[in-house]
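*Asks:* With the sequences and hints as input, model every part of the structure.
Each residue of the sequence shown is one higher than the one before, counting from 121 in the numbering used here.
Incorrect hints may have been included.
Calculated lysine-lysine pairs in the DSBU-like style (CA-CA distance at most 35 angstroms, straight line) [stated by the list, open to error]: (1) K231 to K174; (2) K229 to K140; (3) K142 to K170.
Quick list of the computed label-pair ranges, beta carbon to beta carbon [unchecked claim]: (4) R177 to L134: 15 to 21 angstroms; (5) K221 to E181: 29 to 35 angstroms; (6) E228 to T168: 33 to 39 angstroms.
FYI, nobody ran anything at the bench for these hints, they're computed from the structure. All values reported here derive from a predicted model rather than from experimental measurement. Note that the Cβ used here is the ideal one computed from N, Cα and C, for glycine as well.
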Amino acid sequence: MEKKPELCRVEDALGILVGKWKPIILLHLLINGTMRFSELKRHMPGITQKMLTKQLRELEEEDIVQRVVYPQVPPKVEYSITEYGRSLEPILEAMHEWGSKHTAHKEEKEKRMAQKEAN
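*Replies:* Given below as structure tokens:
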């Protein structure tokens, strides 16, 4: 792969994944399959209804998530990851793996710093 900064598409990819909640939403849909709004909210206790709605709409606009509304009372809305959205799975897995390594790295660094201060 030829990497030219002026042709870099990392910014395009980050536009989809940036945000505290989008990766978590995607992981829930990848792992659990189709979910209702209330189920997603229950699995993410720190997210507001407004933020979850916003994040889901953005993912839907990018064809990452599909929203299906059933005409019934009360309204039933389900969200699922699209086939196109499934292409993000290896990226999310790589990010998770790197995040785990980075957390371990930071913890090790903090230990070294604490040992230096103790001496």
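*Asks:* Taking the hints in turn, state whether each one holds.
*Replies:* Hints, one by one, checked against the model:
1. K231 to K174: violated (40 angstroms)
2. K229 to K140: Within the cut-off at roughly 25 angstroms; holds.
3. K142 to K170: holds (14 angstroms)
4. R177 to L134: 15 to 21 angstroms: holds (18 angstroms)
5. K221 to E181: 29 to 35 angstroms: Holds, since K221 and E181 (Cβ atoms, about 32 angstroms apart) stay within the stated range.
6. E228 to T168: 33 to 39 angstroms: holds (35 angstroms)
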